[in-house]
Amino acid sequence: MAELSHTILLPPEQARAARPVAPARRHRRPLRWGAVGNHAVLIAGALFMLAPLLMLVQMSTIPDAQIMRTGPSFEIGDRFWPNLEKALTESMSFSGETTGLNMFRNSMILGLGFALGKIVISMMAAYAIVYFRLRFATLAFWLIFTTLLLPLEVRIVPSYEITQKLGLLNSWTGLIVPLIASATATFFFRQFFMSVPEELLEAAKIDGAGPVKFFIDILVPLSRTMIAAMFIIMFVFGWNQYLWPVMVSTEEGKFTLVQGIKQITQGLEGGHIPEYGRSNILAILAVLPPVLVVVFFQRWFVKGLTESDK
Amino acid sequence: MARVTLDRVHKVYPNGFEAVRPTSFQIEDGEFLVLVGPSGCGKSTLLRMIAGLEDITGGTLTIDGREVNSVGPADRDIAMVFQNYALYPHMTVRRNIAYGLANRGTPRDRIAAKVEEAARMLNLTDHLDRKPAQLSGGQRQRVAMGRAIVRDPALFLFDEPLSNLDAKLRNQMRIEIKALQRRLGVTSIYVTHDQVEAMTMADRIIVLNGGVIEQIGTPAEIYHSPASTFVASFMGAPPMNLIEAAFETGAVRLPDGTAVMDAPGGRSGPITLGIRPEDVRLGRGSATFDVALVEELGAHRLLHGKLSGQPFTAHALKESDATTGSHRIDLPFEALALFDRETGMRL
Ligand SMILES: Nc1ncnc2c1ncn2[C@@H]1O[C@H](COP(=O)(O)OP(=O)(O)OP(=O)(O)O)[C@@H](O)[C@H]1O
Ligand SMILES: [Mg+2]
Numbered sequence: 001m002a003e004l005s006h007t008i009l010l011p012p013e014q015a016r017a018a019r020p021v022a023p024a025r026r027h028r029r030p031l032r033w034g035a036v037g038n039h040a041v042l043i044a045g046a047l048f049m050l051a052p053l054l055m056l057v058q059m060s061t062i063p064d065a066q067i068m069r070t071g072p073s074f075e076i077g078d079r080f081w082p083n084l085e086k087a088l089t090e091s092m093s094f095s096g097e098t099t100g101l102n103m104f105r106n107s108m109i110l111g112l113g114f115a116l117g118k119i120v121i122s123m124m125a126a127y128a129i130v131y132f133r134l135r136f137a138t139l140a141f142w143l144i145f146t147t148l149l150l151p152l153e154v155r156i157v158p159s160y161e162i163t164q165k166l167g168l169l170n171s172w173t174g175l176i177v178p179l180i181a182s183a184t185a186t187f188f189f190r191q192f193f194m195s196v197p198e199e200l201l202e203a204a205k206i207d208g209a210g211p212v213k214f215f216i217d218i219l220v221p222l223s224r225t226m227i228a229a230m231f232i233i234m235f236v237f238g239w240n241q242y243l244w245p246v247m248v249s250t251e252e253g254k255f256t257l258v259q260g261i262k263q264i265t266q267g268l269e270g271g272h273i274p275e276y277g278r279s280n281i282l283a284i285l286a287v288l289p290p291v292l293v294v295v296f297f298q299r300w301f302v303k304g305l306t307e308s309d310k
Numbered sequence: 001m002a003r004v005t006l007d008r009v010h011k012v013y014p015n016g017f018e019a020v021r022p023t024s025f026q027i028e029d030g031e032f033l034v035l036v037g038p039s040g041c042g043k044s045t046l047l048r049m050i051a052g053l054e055d056i057t058g059g060t061l062t063i064d065g066r067e068v069n070s071v072g073p074a075d076r077d078i079a080m081v082f083q084n085y086a087l088y089p090h091m092t093v094r095r096n097i098a099y100g101l102a103n104r105g106t107p108r109d110r111i112a113a114k115v116e117e118a119a120r121m122l123n124l125t126d127h128l129d130r131k132p133a134q135l136s137g138g139q140r141q142r143v144a145m146g147r148a149i150v151r152d153p154a155l156f157l158f159d160e161p162l163s164n165l166d167a168k169l170r171n172q173m174r175i176e177i178k179a180l181q182r183r184l185g186v187t188s189i190y191v192t193h194d195q196v197e198a199m200t201m202a203d204r205i206i207v208l209n210g211g212v213i214e215q216i217g218t219p220a221e222i223y224h225s226p227a228s229t230f231v232a233s234f235m236g237a238p239p240m241n242l243i244e245a246a247f248e249t250g251a252v253r254l255p256d257g258t259a260v261m262d263a264p265g266g267r268s269g270p271i272t273l274g275i276r277p278e279d280v281r282l283g284r285g286s287a288t289f290d291v292a293l294v295e296e297l298g299a300h301r302l303l304h305g306k307l308s309g310q311p312f313t314a315h316a317l318k319e320s321d322a323t324t325g326s327h328r329i330d331l332p333f334e335a336l337a338l339f340d341r342e343t344g345m346r347l
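Chains A and B are the protein sequences, given in the same order.
Here the first sequence stands for residues 1 to 310, numbered as in my numbering.
Here the second sequence stands for residues 1 to 347, numbered as in my numbering.
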């Protein structure tokens, strides 16, 4: 690890050259040591986060037996494409349904279902709380807010029981709906709606927009940066769900990537060489979409923030 | 176009605050009515009740003979221009203007034609595809106007629409709005706390104070015969001089004993005497005005100082050589207004 980070940080010849160059430069532009320090910290942090991912990639290119013997190394082998193909198309169980592609699709359904469902539900809840003179709106809001104290892990037994009694085990509905209420998102949308000028609502009223029209034509487009932010958070949250899918879906056809990786490394107990290469590929597949979502929406997010004026 | 009638309309906010006391008046078809008054006097509240944005606590509001107390804002056939314009930030100018028409199911080609027409009228044709954020304050103001006029409403409501603009633009928009209203002939209610706007734009002015109507009248009536000391001091820049005086031995006398006017009928007691600065005649007369400061305004000058120990302002033409020091002045009888000292009402 230490070697790895050092090599990437500065190629040796540059590392040596850095010292004599610094004083010469000082004449023209003073070197800001604060900035150098900041960058050093940031680069070190980035490498610390990246190293495990680089290890994953490296280990997916060499044969499984070699990983057993030597662990991660700097060697780049030729097993990447075969491993990828195996991971994507070959099932690792009798049912034949736990292929990488299948699990990828399932994870996608879960992540998107969570993100979109949570955004829709919490926007509507926040809309009701902020814009309608409900009798106990504040109370309702704080009740929703206190559910933050009750994450899934705390209420998993009753949640499971309800899902089971409703006959929703092994269904997408059972996987998604019980987790779809989100206090966090409701809270953020509430704060956002409260910052929208009152006059917009009044202007819309005079323009003949009813509650639904105001919501769809004005509030939703105005919230797009907020929606993007919530989408990032909720998609990653849904994608990374482990405990709930493990409990609710026992059918292999509904396994997600996060579940599947676990399944593979269990092979170790069977006396075979575990399929490290394949599970590393699956792990990469599992990491990729959240990263892409963040990268993609982040740009959108910044654009929305700077463009819209409120 | 419409006639609007308020009959004992009043407003009590949920917290128990009575923002508008029972108020009755009528606005004629095509009239430009200005509601003016100091901050917090209930102008916006009154306007918003007419718009339907605020519930009417009591009384009846009629627009064109139809009682609209419980009719929603969209169905009152009104359009409103807000102080901060309230443009939809994510929509282009075109969509902003068209939104109200689209919601009413107006056919597309008709919307397009109306938007083009409004844009031409308001000099917005080149900006139709911009977002509000890409417009200047004056242009945003025009878009807000455009949104109001495309719908051909029976009643325009304006809530301090010019107060976010700089002085020069404000003067220009004031004239434009007035001209537009003249041209369209739409009944309008315009809220402002700027008495210059009120004087220049209004057919009739309503002066509000603390939720009560102080006076209703044409700008000239309000200016020349204010109904109370409040109106006298609120309208006009500089405002009417108000000095303490009294009925004494058959005359209205200043505290120093100078008689300014005969008072038949043997009345006595304290009063407040009002006179507009431009009605004061300099250079002769019985009263002595101690000028402490001369304000040069180009077209004329304002002399500030004391009359019989009380703050006083007089208006001097630019050719007069008014300077600081004592001046003889005359307060012409026909320009004087007498107010009850206690109630502030015109005698
Ligand atoms: N929602 C409310 N609840 C209680 N009191 C209110 C409410 N809205 C306004 N008021 C009070 O009613 C009074 C009149 O308010 P209003 O907004 O009509 O004033 P205004 O004449 O428009 O003043 P400005 O020139 O500052 O806009 C004020 O004293 C204000 O504090
Ligand atoms: Mg107001």
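The reader is advised that the hints may include incorrect statements.
[What the hints assert, rightly or not] Computed cross-link-like contacts, DSS-like style, restricted to lysine-lysine with a CA-CA straight-line distance of at most 25 Å: (1) A:Lys213 x B:Lys178; (2) A:Lys205 x B:Lys306; (3) A:Lys205 x B:Lys168; (4) A:Lys213 x B:Lys318; (5) B:Lys168 x B:Lys178; (6) B:Lys306 x B:Lys318.
[To be verified] Partial list, derived from the structure: chain B residues whose beta carbon lies under 8 Å from chain A: (7) Tyr13; (8) Pro14; (9) Phe17; (10) Leu53; (11) Ile56; (12) Thr60; (13) Ala79; (14) Thr92; (15) Arg281; (16) Met345.
[Claimed, not checked] Partial list, derived from the structure: chain A residues whose beta carbon lies under 8 Å from chain B: (17) Pro63; (18) Ile67; (19) Pro72; (20) Glu75; (21) Gly77; (22) Met194; (23) Pro197; (24) Glu202; (25) Asp207; (26) Pro211; (27) Val212; (28) Lys213.
These are calculated hints, taken from the structure and not from any lab test.
Computed from a predicted model, the values in this text were never measured in an experiment.
Glycine included, each C-beta is placed from N, C-alpha and C at the ideal position.
Going back to the hint list, which numbers does this structure go against? 1, 2, 3, 4, 7, 8, 9, 11, 12, 14, 15, 16, 17, 18, 19, 20, 21, 22, 26, 27
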